[in-house]
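Chemist: Next come the chains, spelled out residue by residue.
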Amino acid sequence: MKIITLNETVTASNERDADALRARMAQEGKLLVNVMSSPGSGKTTLLSRIIRDLPDVKIGVMEADIESDVDAQRIEALGARSIQVHTSGMCHMDAGMTTAAFDAMEASEARLFFLENVGNLICPAEYDTGAGKNLMLLSVPEGDDKPLKYPLMFQKSDALVITKTDALPWFDFDLEKCRERVLKLNPNIQIFPVSAKTGEGMDALEGWLRACLV
Amino acid sequence: MHEMGIVLHLAKTLDETAEENKLTAIGRVVLQVGEVSGIMTDLFVDAWNYFKVRHPVLVNSELVLETIPAVTWCDNCKQTYETVKYGKECPYCHSGETWLLRGNECIIKEIEAE
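For the record, the sequence lines run as chains A and B.
The first sequence lines up with residues 1 to 214 when you count with the numbering used here.
The second sequence lines up with residues 1 to 114 when you count with the numbering used here.
The reader is advised that the hints may include incorrect statements.
No more than 25 Å apart at the CA atoms, straight line, and that leaves these computed lysine-lysine pairs for DSS-like [unchecked claim]: (1) A:Lys2 to B:Lys12; (2) B:Lys12 to A:Lys184; (3) A:Lys58 to A:Lys30.
These are calculated hints, taken from the structure and not from any lab test.
Put together the whole structure using the sequences plus the hints.
Modeler: As structure tokens, then:
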């Protein structure tokens with residue numbers, strides 16, 4: 001027996017897979033956005049709105065869930081290409097699973113890909129999926145204290161979309177306090193308060209996505 | 001569920017290491033686990049023993065876990081303190097401008113192999 005010193009993070013193989021996928025997408029001029037949030041924050045509704053608002057951008061969606069294909073069906077109904085990924089009980093997507101999903105969709109003409117990660121504010125933040133951008137949602141009914149309770153996801157995200165702002169009058173959600181808490185964790189994060197239902201704030205978010213694509 | 005994901009990645013990383021170094025069997029695997037990494041060590045070792053049998057190189061492996069104490073740095077008074085004991089607020093100046101220095105990692109330190 002010999003001893004080999006590694007000093008490597010446990011997920012080193014995942015990080016290698018993630019870097020390979022990122023390089024491959026960049027070379028093909030495609031962008032993958034990893035969409036993370038808790039269950040019920042409005043990921044599928046937000047993506048549906050973006051697909052309708054950006055008819056000139058070919059969009060592909062990878063739906064990751066533990067079970068069912070209800071989200072994939074909603075996306076397909078809008079005419080966008082979608083694929084359902086089952087994580088077989090796992091609480092997050094990793095780079096290997098994302099690469100397999102991308103392989104299955106590569107032939108499509110889509111340039112902008114969304115990975116709708118498993119609804120969970122904890123585990124998905126710890127795994128690099130190989131996405132070019134990480135985007136997270138926090139919905140008004142969840143409360144403005146979530147940055148305090150789940151800091152890692154706010155630190156790992158390039159953009160925070162505060163969804164369901166049309167519900168602000170009925171909740172004690174303090175937008176300014178939330179903004180302050182998030183910026184303390186991550187001074188570089190972009191924050192977009194939106195309502196996918198009324199369309200309020202969608203322009204700014206969609207402008208950011210377009211800018212990321214070029 | 002989370003532990004299962006880490007175990008799968010650990011097995012893959014070690015399989016790749018074995019291939020690169022032409023190893024036929026891996027014995028002791030020393031992991032350094034941060035105090036606030038969120039990993040439940042009992043569950044982690046159980047999950048490892050369940051999964052290792054699927055990998056020929058890892059069948060006889062044994063996980064040895066070393067704990068890395070969590071330390072937080074206070075930006076306001078420029079001191080460090082024990083994270084687990086005091087949390088996010090600095091015990092000296094009560095500032096919230098604090099950052100975790102170490103304690104959330106999970107590192108493969110070394111392996112015994114042939």
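Chemist: It remains to establish, for every hint, whether it holds in the given structure.
Modeler: So, going through the hints one by one against the coordinates:
{"no.": "1", "hint": "A:Lys2 to B:Lys12", "in the structure": "holds, 20 Å"}
{"no.": "2", "hint": "B:Lys12 to A:Lys184", "in the structure": "violated, 36 Å"}
{"no.": "3", "hint": "A:Lys58 to A:Lys30", "in the structure": "holds, 10 Å"}
Of the numbered hints given earlier, the model fails hint 2 alone.
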